[in-house]
Amino acid sequence: MSDATADAVAPDTRATGRYLYIASVVFLCAWVIVPIYFLLINTLSSPETVNSFPKPFWPEFDLGSLTFFAGFAGMLTALKNSVIVAAMTMVMSILIGAPAGYALSRFEFPGKGLFRLLILLTRAFPLPLLALPLAVMFIQTGLDDTAFGLALVHTTLAIPFAVLITFSLFSGIPMELEEAAWTLGCTRLTAFTKVVLPLILPGITASAIFAFVISWNEVFAAAVLTIENRTLTAFLLQNLDTSPLHLKFAGGFILVVPALIFIFAVRKYLFAMWGIANR
Amino acid sequence: MAQIEIKNVAKSFGAYQALHDINLTIEDQEFMVLLGASGCGKSTLLRIIAGLETATTGKVWIGGRRIDNLSPKDRGISMVFQNYAVFPHLTVFENIGFGLRMQKLPNDEVTRRVERTAGLMHIEQLLKRYSGELSGGQRQRVAVARALAMEPDVILMDEPLSNLDALLRMEMRAELKGVLAESKTTAIYVTHDQVEAMSMADRISVMHEGKIVQAASPIEVYRNPSAEFVAGFIGNPPMNFLPANPAESGKWQVAGQVIDGPGASAQLKFAIRPEDLRLADDGFKAVAKVIEPLGAHLLVTCEVDGQLFRAVLDSDFKVKPGEVLNLTPQPDRVRWFDPQTTLAVA
Amino acid sequence: MNARILPYVLILPVTLFLCLFFLYPFVLVSKQAFSTGAGFTLDNFREVVSYWKFPISMQNTLLLAAAVVPVQLALALLMATMVNRMQKGRDIVLYIWTIPLGISDLAAGIIWLAIFEQSGFLNSMMSGLGIVDQPVNFLSYTHPGIVFLAIALAEIWRATAIMLVILVAGIGLIPKEYCEAAEVFGASPWKRFTRITLPMLRPSLQTALVLRVILAFEIFAVVAALGGTLFPVLMGETYAYQFDLLNSGAAAAMALIILAISIGFTLVILRVLRVPKGATI
Numbered sequence: 001m002s003d004a005t006a007d008a009v010a011p012d013t014r015a016t017g018r019y020l021y022i023a024s025v026v027f028l029c030a031w032v033i034v035p036i037y038f039l040l041i042n043t044l045s046s047p048e049t050v051n052s053f054p055k056p057f058w059p060e061f062d063l064g065s066l067t068f069f070a071g072f073a074g075m076l077t078a079l080k081n082s083v084i085v086a087a088m089t090m091v092m093s094i095l096i097g098a099p100a101g102y103a104l105s106r107f108e109f110p111g112k113g114l115f116r117l118l119i120l121l122t123r124a125f126p127l128p129l130l131a132l133p134l135a136v137m138f139i140q141t142g143l144d145d146t147a148f149g150l151a152l153v154h155t156t157l158a159i160p161f162a163v164l165i166t167f168s169l170f171s172g173i174p175m176e177l178e179e180a181a182w183t184l185g186c187t188r189l190t191a192f193t194k195v196v197l198p199l200i201l202p203g204i205t206a207s208a209i210f211a212f213v214i215s216w217n218e219v220f221a222a223a224v225l226t227i228e229n230r231t232l233t234a235f236l237l238q239n240l241d242t243s244p245l246h247l248k249f250a251g252g253f254i255l256v257v258p259a260l261i262f263i264f265a266v267r268k269y270l271f272a273m274w275g276i277a278n279r
Numbered sequence: 001m002a003q004i005e006i007k008n009v010a011k012s013f014g015a016y017q018a019l020h021d022i023n024l025t026i027e028d029q030e031f032m033v034l035l036g037a038s039g040c041g042k043s044t045l046l047r048i049i050a051g052l053e054t055a056t057t058g059k060v061w062i063g064g065r066r067i068d069n070l071s072p073k074d075r076g077i078s079m080v081f082q083n084y085a086v087f088p089h090l091t092v093f094e095n096i097g098f099g100l101r102m103q104k105l106p107n108d109e110v111t112r113r114v115e116r117t118a119g120l121m122h123i124e125q126l127l128k129r130y131s132g133e134l135s136g137g138q139r140q141r142v143a144v145a146r147a148l149a150m151e152p153d154v155i156l157m158d159e160p161l162s163n164l165d166a167l168l169r170m171e172m173r174a175e176l177k178g179v180l181a182e183s184k185t186t187a188i189y190v191t192h193d194q195v196e197a198m199s200m201a202d203r204i205s206v207m208h209e210g211k212i213v214q215a216a217s218p219i220e221v222y223r224n225p226s227a228e229f230v231a232g233f234i235g236n237p238p239m240n241f242l243p244a245n246p247a248e249s250g251k252w253q254v255a256g257q258v259i260d261g262p263g264a265s266a267q268l269k270f271a272i273r274p275e276d277l278r279l280a281d282d283g284f285k286a287v288a289k290v291i292e293p294l295g296a297h298l299l300v301t302c303e304v305d306g307q308l309f310r311a312v313l314d315s316d317f318k319v320k321p322g323e324v325l326n327l328t329p330q331p332d333r334v335r336w337f338d339p340q341t342t343l344a345v346a
Numbered sequence: 001m002n003a004r005i006l007p008y009v010l011i012l013p014v015t016l017f018l019c020l021f022f023l024y025p026f027v028l029v030s031k032q033a034f035s036t037g038a039g040f041t042l043d044n045f046r047e048v049v050s051y052w053k054f055p056i057s058m059q060n061t062l063l064l065a066a067a068v069v070p071v072q073l074a075l076a077l078l079m080a081t082m083v084n085r086m087q088k089g090r091d092i093v094l095y096i097w098t099i100p101l102g103i104s105d106l107a108a109g110i111i112w113l114a115i116f117e118q119s120g121f122l123n124s125m126m127s128g129l130g131i132v133d134q135p136v137n138f139l140s141y142t143h144p145g146i147v148f149l150a151i152a153l154a155e156i157w158r159a160t161a162i163m164l165v166i167l168v169a170g171i172g173l174i175p176k177e178y179c180e181a182a183e184v185f186g187a188s189p190w191k192r193f194t195r196i197t198l199p200m201l202r203p204s205l206q207t208a209l210v211l212r213v214i215l216a217f218e219i220f221a222v223v224a225a226l227g228g229t230l231f232p233v234l235m236g237e238t239y240a241y242q243f244d245l246l247n248s249g250a251a252a253a254m255a256l257i258i259l260a261i262s263i264g265f266t267l268v269i270l271r272v273l274r275v276p277k278g279a280t281i
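Top line first, the protein sequences correspond to chains A, B and C.
Residues in the first sequence are numbered consecutively from 1, following UniProt numbering.
Residues in the second sequence are numbered consecutively from 1, following UniProt numbering.
Residues in the third sequence are numbered consecutively from 1, following UniProt numbering.
The set of hints was computed from the structure by calculation and includes no laboratory data.
Treat the hints with caution; some may be incorrect.
Below 30 Å or equal to it, Euclidean Cα-Cα: the simulated DSS-like pairs (lysine-lysine) are [stated by the list, open to error]:
id : chain 1 : residue 1 : chain 2 : residue 2
1  : A       : Lys194    : B       : Lys251
2  : B       : Lys59     : B       : Lys7
3  : C       : Lys88     : A       : Lys268
4  : B       : Lys251    : B       : Lys7
5  : B       : Lys211    : B       : Lys269
6  : B       : Lys269    : B       : Lys251
7  : B       : Lys59     : B       : Lys177
8  : A       : Lys268    : C       : Lys176
9  : B       : Lys251    : B       : Lys211
10 : B       : Lys320    : B       : Lys269
11 : A       : Lys194    : B       : Lys104
12 : B       : Lys128    : A       : Lys268
Sample of chain B residues lacking proximity to chain A, with all beta carbon distances greater than 12 Å (derived) [what the hints assert, rightly or not]:
id : residue
13 : Asp74
14 : Gly136
15 : Arg146
16 : Ala149
17 : Lys269
18 : Leu279
19 : Trp336
Here a beta-carbon is modelled for each residue, glycine too, at the ideal position from N, C-alpha and C.
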C-alpha cells in the first residue's frame, strides 16, 4: 500500500521539480535580457518618446535618439578615442603579456613564484586608483590627455589577465609538440611560429578581445586622465548630470554592443581561461 | 655510421640527482633499450641525447661528432614521443613532411619521401587527414613515419607504445622491430615494459636510481642478472631469493637444503627463477598459499622458511592451498648474490 | 638562446611595465598621501576622515558590499549548479548569463536608470497595473531605500557573471567520480553539494570572492549613474577630491584607505577559504 503511494507520488514531484528548474532557468535568462531590452527600446525610440510617460514596451524603430547621439558635440570623437585606446590596449597587453605567459607555462626558473605573486597582486589592487599619481607623471612627460597615456594605464589593468590567460592557453599546448618540432629541425623561434602560434591563435584573439573590452569599459582612469580627448565612458560620465535622457541611453547602448559581440566571440574560451587562471 | 658514445653524463634537478655518471656506448645500427621503473632516469638520459635536456656534466658523441652542446635540430636525430606529438593543425602528409620542409627540400623530394615512409607504416590512405580524425594506433604510425622520413642517424623513442591497448601493442612491437631493422638506423628505445624490452632489443640497459645496473643482451640479462635489482626486476614473476649460510667449502645451507655454490665466505643470497623449480621427492618444503592457473602454466605462491617463494609448474598439476610441495632447483640455473654489495657472485 | 636566460627575457617586459605603471605609482600615491609639501604628515588622512561625508560614504560602500556580494555568491552558485546538470541548451543559456560580464558599470547604471527613472519602465508598469496614478521619482532623496535597492540590483545584475564564470570553470575541474562516490555512499543532492562540491570549489571561491569584493569597494560609475550625489561612496569621493576640490593629497589618502580595506578583506578571504596543503584535487 505504502509502496503504491510512493510510486504514484515520485514521478509527480519529479515533474514539479523539473518545471521549477526550467522556470528558474527562464527567469534568470529574463533577468539578464529584459533590462538590456529596455535599453534597446529607449535607444530605438524618438527623443520625445524617451522623455514621455508611460513608456511603450515595444521599440518604435526610430533613429532619432541615435542621430542625436551622433550629432552631439564631441560624441563621435569620444567614440573614436575609445576605439583607439582600446585597440592600443589590446595590442600592448598581448605583446607584453603573452611572452610572460609563455615563460610561466614552459620554464621553471628562480623567481617564478615572486613573479606570479606580482601578477596576482595587481589583481588584488584597486588599479584605477593608480591613475591619480600617473596623472602627475604624465603631465611631466607630456603624456597627459593622450590616448597613448590612457592606453598605458588600461594595459596595466589588462596585463594580469593577459598573462594568466595566455599562461593557461600555452599550458594547454603539450610541451611534446614543441620538442617534436625541435627534433625535426626547428629552432625555438620557428617551433613557436610553425607549431605553437597556429594552435594558439584563436585563444590569443579571445584574450585580445578581452583586453579590448577591459579598456572599452573602464571609467575611472579614463575620466581622471583625459580632459580634451575624452573616451566615450569618460564623456558620458562627465555629462551625466547635464545630458538629456535619450543621449544617456543611446550612449549606454553603444557601450553595450561590443560586450554582446565580445562574449559571443570568446564564449568557448571563457571557462577554459578561468579554469586554469584560478590556480 | 652512427655509434653513440656517452661519457660521464650526470644530471641533477636542484638537489635531486636524476642521473649518476652514465657511461654507455651504443654500436652503429644497434637497437638499445633503456629499461627501468618510472623515475629511474631513463627518459632523462634519452632527452639528454636528444638535446631536450642539458646534462649537468658529461659528453655525448654521435658518429664521432661531439653533440652535447648542439641544439636538437643539429644532432642528426629524430624522436618518437610517448603521446606521439602529432601536430593537430597539420595533415598527416604535412606532419610526416614537417622535418623535410624544415630542411627546405624540394617539393617532389618531400612528396617522394613522405609517400615512401607512409607506405612503410601502412598509412598511405590517411595522408589527407588531421590528427583528430586518427585512432591512437594510427597516430603512433604517423609519429614513427615522421621520424623515419628524416632518415636520421639515430632514432630515439620514448615509450612509444605505452598508450596503445595490449593487442595493438604486440602488433606494433613486431612491426616496429622489422621497420627499424630494415632502415639500418641506430635506435634507442625507452620503456618500462620488460616484455617489450626483451622482444625488441639487441641490448638492454637496465636502469635503477639514475644508474645503469646492467647493459647486456636480453637473454644475458635474464639468465645472468648482474645484480639483485635486475634479478628482482626482470621476469614475471621475478626471481626467488632465499638466505644462504656457508656449510663446508663450496656448499651452502639454504632452507634446510645443502646446495653447491661459490667458494666465498660469510653470507650469500640464493636465487632461482620460478620456472627453474621442479617437483621432487626431496627439496624445499614449500607451503602452497595461492594457486593461479594461468593457462600455459600454473603459478603457485608458497612460503619457504617463512619467505615468499613462487614456482611455475605444469598446468596439469593439481594442488590445493595448504598442501606442502617439495621443490628442487635446476642446479645450472641457480644464481648467487652478495647481500652486502647486492652484486652477483660467480 | 640560452634556456636559463630566456624566461627572464620573456618576463622582462611585463616586469618593467608593472614596475613603471603599478609599483612606482603606488609609491607616488603613498608619498602624496603622507605629505602636504613639507615632510611626513597624517594631515591628509585627518582631513578626509573628519570630512562629514566620509562616514556616510564609508558606510554606504560597506553596506553595499555586504548586501551585494553574498547575493551574488548565492546566485552564481545556483546558476553554476543549474548549468552543470543542463543537457540541452547549455551553450545558449551560458551565453545569455555571461553577457553582463562584458558590460561596463557605467552602462549597467544607465540600463537600470532606464528602469528606475521617473518616466522609466518600472513606473510605466506600475501605472499600467494601476498601482500608482502618478509616476514616482524613485531616485530622489525622499526614497533613499529605493536608491540603495536600485544600485544593489544593478550591481547584482552586472557582476554576478564574473563569479559565475569562475565557478563554472571550477566545477568543471572537479571530477564527476567524487559526487558519484558520495551518491553511492548515500549522500542526498544537498549533502553532495555542501560536502563535496563546495569544499572542492574553495580555490575558485577564493578567486571569485577576492575579485568581487575588491570590485565592490571600487564601485563608482553605477552609483554615479543612478544615485548621483544622493549616495556618496568612497571611490566617488576620491574622484571628487581630485576634480571638484582639486586636492590630490586628499584623493591619494582616500585611495590608500580603499586599498587598505581591499587588502584587509583579501587576506580574510584567503585565510577563511584556504585549502590545506595536499588536499587539492
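Each hint, compared with the structure:
1. A:Lys194 / B:Lys251: violated (69 Å)
2. B:Lys59 / B:Lys7: Measuring from Cα to Cα gives roughly 5 Å; hence the hint holds.
3. C:Lys88 / A:Lys268: OK: C:Lys88 and A:Lys268 at ~17 Å, within 30 Å.
4. B:Lys251 / B:Lys7: Given that 30 Å is the threshold and the Cα spacing comes to 41 Å, the pair is violated.
5. B:Lys211 / B:Lys269: holds (23 Å)
6. B:Lys269 / B:Lys251: holds (13 Å)
7. B:Lys59 / B:Lys177: Status holds; Cα separation ~29 Å.
8. A:Lys268 / C:Lys176: holds (21 Å)
9. B:Lys251 / B:Lys211: violated (33 Å)
10. B:Lys320 / B:Lys269: Holds, because 29 Å separates the two Cα atoms, which is no more than 30 Å.
11. A:Lys194 / B:Lys104: holds (14 Å)
12. B:Lys128 / A:Lys268: holds (27 Å)
13. Asp74: About 9 Å separates B:Asp74 from the closest Cβ of chain A, which leaves it inside 12 Å; violated.
14. Gly136: holds (15 Å)
15. Arg146: violated (7 Å)
16. Ala149: violated (9 Å)
17. Lys269: Consistent with the label, B:Lys269 stays out of reach of chain A, its closest Cβ about 42 Å off (over 12 Å).
18. Leu279: holds (51 Å)
19. Trp336: holds (44 Å)
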